[in-house]
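**Student:** Here is how the chains run, residue by residue.
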Amino acid sequence: MSEVLAAARKRDLSSAIAEAHVIVCTGSGGVGKTTTAAALALGAAHAGRRTIVLTIDPARRLAQSLGLRALDHIPRPVKGVEGLDAMMLDMKHTFDEVIDRHAEDARRARRIKSNRFYQQLSGSLAGTQEYMAMEKLYDLHMGGAYDCIVIDTPPTRNALDFLDAPKRLTDFLEGRFLKMFLNPGLKAGRTIGRAVSFGTGVFMRAASKITGAGVLEDLGDFFHSFEGMYEGFKDRAQAVYKLLSSPGSAFVVVATPEPPALREARYFLRRLEQDGMPTAGLVVNRVTLPPPPSLKGLSARKAGAAIAALADGGPEQRAAGELLSLHLDRVDVARRERQAVTKGLHGIDPQVLVDVPRLAGDVHDLEGLEAVGAYLYRTT
Amino acid sequence: MDVASLLDRRLLLVTGKGGVGKSSVAAAVAVASARSGRRTCLVEVEGRHTFSQLFGTQAWDFSEWEFRPGLFGLSIDPEASLREYLDMFYGARHLSRVVVRSTAVEFATAAAPGIKDVLLIGKVKEMERRRDDDGHFHYDLIVVDAPPTGRIVNFLRAPDATTELVNLGPIRTQAQTLIDMLMDAERTNVVLVTLLEEMPVTETLEGAHALRDMGVALGPVVVNRVMPERFDDDERKAITADLDPAGLQAMLADAGVRVSPAGADDLLTLAAGHLGREELQRTSRELLERRLGLPLLELPELYTDDFAEREVGLLADAVTDAVTPDEVS
Ligand SMILES: Nc1ncnc2c1ncn2[C@@H]1O[C@H](COP(=O)(O)OP(=O)(O)OP(=O)(O)O)[C@@H](O)[C@H]1O
Ligand SMILES: Nc1ncnc2c1ncn2[C@@H]1O[C@H](COP(=O)(O)OP(=O)(O)OP(=O)(O)O)[C@@H](O)[C@H]1O
Ligand SMILES: [Mg+2]
Ligand SMILES: [Mg+2]
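Note that the protein sequences, when read in sequence, are chains A and B. Each residue of the first sequence is one higher than the last, beginning at 6 in the working numbering. Each residue of the second sequence is one higher than the last, beginning at 99 in the working numbering.
To be clear, the hints were calculated from the coordinates, so they are not data collected in a lab. Accuracy of the hints is not assured; some may be wrong.
A few chain A residues that face chain B, going by a derived Cβ cut-off under 8 Å, partial list only [said to hold, decoys possible]:
#: 1; residue: ARG65
#: 2; residue: MET234
#: 3; residue: PRO297
#: 4; residue: LEU303
#: 5; residue: ALA325
#: 6; residue: LEU331
#: 7; residue: ALA365
Partner residues aside, some chain B positions facing chain A, computed with beta carbon under 7 Å [what the hints assert, rightly or not]:
#: 8; residue: GLY116
#: 9; residue: GLY117
#: 10; residue: MET297
#: 11; residue: MET325
#: 12; residue: PRO326
#: 13; residue: ARG328
#: 14; residue: PHE329
#: 15; residue: GLU333
#: 16; residue: ASP340
#: 17; residue: PRO343
#: 18; residue: GLY354
#: 19; residue: GLY371
#: 20; residue: HIS372
#: 21; residue: LEU392
#: 22; residue: LEU394
Pairwise CB distance ranges, derived in the manner of DEER restraints [what the hints assert, rightly or not]:
#: 23; chain 1: A; residue 1: ASP354; chain 2: B; residue 2: GLY145; range: 26 to 34 Å
#: 24; chain 1: B; residue 1: GLY233; chain 2: A; residue 2: ARG66; range: 49 to 57 Å
#: 25; chain 1: A; residue 1: PRO298; chain 2: B; residue 2: GLU396; range: 34 to 42 Å
#: 26; chain 1: A; residue 1: ASP337; chain 2: B; residue 2: GLU396; range: 53 to 61 Å
#: 27; chain 1: B; residue 1: VAL324; chain 2: A; residue 2: ALA379; range: 39 to 47 Å
#: 28; chain 1: A; residue 1: ASP144; chain 2: B; residue 2: ALA344; range: 55 to 63 Å
#: 29; chain 1: B; residue 1: MET325; chain 2: A; residue 2: GLY148; range: 45 to 53 Å
#: 30; chain 1: B; residue 1: PHE160; chain 2: A; residue 2: GLY366; range: 41 to 49 Å
#: 31; chain 1: A; residue 1: ALA379; chain 2: B; residue 2: LYS335; range: 40 to 48 Å
#: 32; chain 1: A; residue 1: GLY352; chain 2: B; residue 2: THR367; range: 34 to 42 Å
#: 33; chain 1: A; residue 1: ALA314; chain 2: B; residue 2: ARG285; range: 56 to 64 Å
#: 34; chain 1: B; residue 1: THR367; chain 2: A; residue 2: ASP337; range: 16 to 24 Å
#: 35; chain 1: A; residue 1: GLY149; chain 2: B; residue 2: VAL324; range: 30 to 38 Å
Every residue, glycine too, gets a C-beta built ideally from N, C-alpha and C.
Work the whole structure out from these sequences, hints included.
**Tutor:** Right under this line is the structure:
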């Protein structure tokens with residue numbers, strides 16, 4: 006199995022940034038999705054492609070470096086990088102946009118947006134965040150202004166959420182609960198089909214006891230005001246899914262060399278394969294690099310003896326000794342991490358595997374992104 | 099609020115940025131609490147099987163079970179709470195129909211997630227108030243692996259928000275008792291977990307601010323994965339100012355280790371990177387101390403192959419040390 010990984014380690018993501026029309030960076034929380042997305046976009050722009058990176062909730066300093074100040078939903082050129090735009094994705098804002106664009110008229114749009122459930126729902130409906138990222142992606146794709154769209158995904162509890170979002174949303178939209186509110190017959194209390202109406206009747210009574218009078222009516226009103234838009238939601242969700250499954254797309258899975266993140270990555274890679282989604286490869290971020298060739302010959306035994314000898318010296322000797330033990334520890338950590346990756350990916354062929362080392366500080370400027378990029382698309 | 103009284107609350111809600119170690123810390127605190135003789139319950143609220151994996155036990159479910167002596171575990175599944183709740187108020191008989199239940203569950207989890215959170219907190223409150231026949235509280239401490247910082251405020255605000263959306267009914271009556279529990283500094287503390295890195299620190303500062311605004315009491319901040327400092331001031335100075343590759347090479351040769359000039363250079367580069375991380379740790383710690391005014395409880399980075407019950411035990415040792423007042427020798 007480690008031969009598969011060794012082969013994957015020989016490749017990198019340069020063809021993805023040279024060719025893919027859509028790049029999706031995904032992975033579990035905090036592993037470096039936003040950083041990787043920005044670094045890949047930088048690489049695509051360097052390759053002469055008109056590129057946009059859609060970031061979600063970037064660290065403030067990274068946002069600043071990308072020239073993103075406000076959640077204004079307008080692509081901004083990144084200063085100092087030819088051909089690169091960046092945009093911050095804000096869920097609420099995208100939802101508002103979708104409503105404005107697709108509601109029958111402005112009055113209906115206003116009515117939806119002023120509903121007391123709208124705020125709550127637009128942020129919390131399962132899959133909304135991911136769905137909205139897809140809406141934006143669809144927009145940018147249809148707009149045709151970019152050769153390459155790199156999209157970051159929201160920190161979800163499960164990397165799979167992103168792929169499942171359209172399905173979950175459409176399931177919900179088609180679900181029993183909605184039907185109940187949308188069905189005027191039920192609203193008027195008439196019966197349609199005994200089993201359902203019995204259940205619904207009891208449910209409505211129970212639910213209004215929980216929520217109090219008036220609330221369910223408001224909720225029903227809210228769903229009614231959406232009428233006519235559901236089909237559009239579903240159609241676009243399907244269109245995006247198709248776009249993402251097309252060979253022009255590339256999924257980049259990001260993980261860190263730790264078992265939970267690797268577990269997620271593994272599920273995700275599996276899932277991409279099952280669904281026939283185009284996978285570009287796996288990024289293992291924040292790894293401890295194995296020692297450079299210059300230090301390969303430094304054995305633990307020899308170094309160990311020297312460390313003991315140097316410990317009694319002056320500050321310089323002691324510092325030199327500490328350097329040796331730092332080196333030994335690094336060798337050890339690098340080895341463990343390698344093992345974790347091999348174990349975590351057992352039975353999986355990611356095709357491409359890039360290790361990105363843990364840099365000395367946070368990655369919050371173009372220089373840092375270039376440094377990460379240098380590993381993602383080794384120019385050699 | 100001092101570190102020593104961490105385990106003297108009734109309820110600890112452990113939160114932090116994604117991936118910083120919330121679950122590990124919640125588990126370690128619970129283990130330390132149980133070891134101190136407190137009857138403790140560790141609660142999972144997101145149904146991710148984190149703890150059954152961490153402790154290598156059977157899957158956890160909606161019933162509390164003593165998975166280690168004095169240490170109970172429970173995974174609160176919102177759907178199960180909803181069912182229990184509905185059964186409690188409307189009688190299982192009426193609501194046992196599958197169609198009704200699943201519709202109700204769909205309703206609560208999709209359309210009004212606040213209700214789901216209220217039910218979760220409601221379950222916790224029931225456990226917190228539960229008394230044995232002798233009148234003593236059933237649990238001494240309940241530790242909740244709470245939602246991450248990004249969601250914790252909405253989570254804790256759910257009872258309040260529900261009273262705004264929902265104007266009648268038993269949920270409303272119940273909501274106030276939940277608010278009472280959450281806002282009582284003697285009963286409930288929120289424990290923020292962070293790393294000494296830029297993003298988690300920023301998120302911790304913002305989270306602390308928002309939580310204080312809503313009137314929730316903060317316990318000590320747990321700083322997880324702290325690297326021990328390797329170099330003292332003199333050694334640091336030696337590396338940054340005095341040692342050059344040739345000097346280092348010579349010194350190592352004296353001690354019996356031969357490295358090439360390139361090797362010596364690489365060792366110094368390695369050191370510079372490491373010193374950068376130590377520096378980041380120091381500035382992050384200073385920032386936390388300066389801006390939060392809360393005690394910090396530091397847990398070490400464990401350099402182990404795996405992360406399982408043994409590792410939780412090691413972190414629990416550190417928690418125990420921190421809550422035990424120094425012995426005067
Ligand atoms: N290779 C690296 N070396 C050092 N720091 C890194 C590296 N990659 C990412 N970071 C830092 O780690 C933090 C998390 O990275 P990032 O924001 O990209 O993760 P994410 O997966 O997008 O997180 P979230 O799930 O919260 O959106 C940032 O502070 C970033 O600067
Ligand atoms: N003190 C530590 N030393 C070494 N590794 C640690 C330490 N604490 C946590 N970890 C590592 O970090 C991983 C994530 O920890 P944990 O699951 O507790 O984080 P979390 O904040 O609960 O994550 P999530 O946001 O996904 O719920 C652990 O599986 C372990 O590998
Ligand atoms: Mg991100
Ligand atoms: Mg967790």
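**Student:** Are the hints correct? Go through all of them and say.
**Tutor:** These are the hints, each one checked on the structure:
| no. | hint | verdict |
| --- | --- | --- |
| 1 | ARG65 | holds (7 Å) |
| 2 | MET234 | violated (17 Å) |
| 3 | PRO297 | holds (5 Å) |
| 4 | LEU303 | holds (6 Å) |
| 5 | ALA325 | holds (5 Å) |
| 6 | LEU331 | holds (6 Å) |
| 7 | ALA365 | holds (4 Å) |
| 8 | GLY116 | holds (3 Å) |
| 9 | GLY117 | holds (4 Å) |
| 10 | MET297 | holds (5 Å) |
| 11 | MET325 | violated (10 Å) |
| 12 | PRO326 | violated (11 Å) |
| 13 | ARG328 | holds (5 Å) |
| 14 | PHE329 | holds (6 Å) |
| 15 | GLU333 | holds (4 Å) |
| 16 | ASP340 | holds (6 Å) |
| 17 | PRO343 | violated (11 Å) |
| 18 | GLY354 | holds (5 Å) |
| 19 | GLY371 | holds (5 Å) |
| 20 | HIS372 | holds (6 Å) |
| 21 | LEU392 | violated (22 Å) |
| 22 | LEU394 | violated (20 Å) |
| 23 | A:ASP354 to B:GLY145: 26 to 34 Å | holds (31 Å) |
| 24 | B:GLY233 to A:ARG66: 49 to 57 Å | holds (55 Å) |
| 25 | A:PRO298 to B:GLU396: 34 to 42 Å | holds (37 Å) |
| 26 | A:ASP337 to B:GLU396: 53 to 61 Å | violated (23 Å) |
| 27 | B:VAL324 to A:ALA379: 39 to 47 Å | violated (30 Å) |
| 28 | A:ASP144 to B:ALA344: 55 to 63 Å | holds (59 Å) |
| 29 | B:MET325 to A:GLY148: 45 to 53 Å | holds (47 Å) |
| 30 | B:PHE160 to A:GLY366: 41 to 49 Å | holds (45 Å) |
| 31 | A:ALA379 to B:LYS335: 40 to 48 Å | violated (31 Å) |
| 32 | A:GLY352 to B:THR367: 34 to 42 Å | holds (37 Å) |
| 33 | A:ALA314 to B:ARG285: 56 to 64 Å | holds (57 Å) |
| 34 | B:THR367 to A:ASP337: 16 to 24 Å | holds (19 Å) |
| 35 | A:GLY149 to B:VAL324: 30 to 38 Å | violated (50 Å) |
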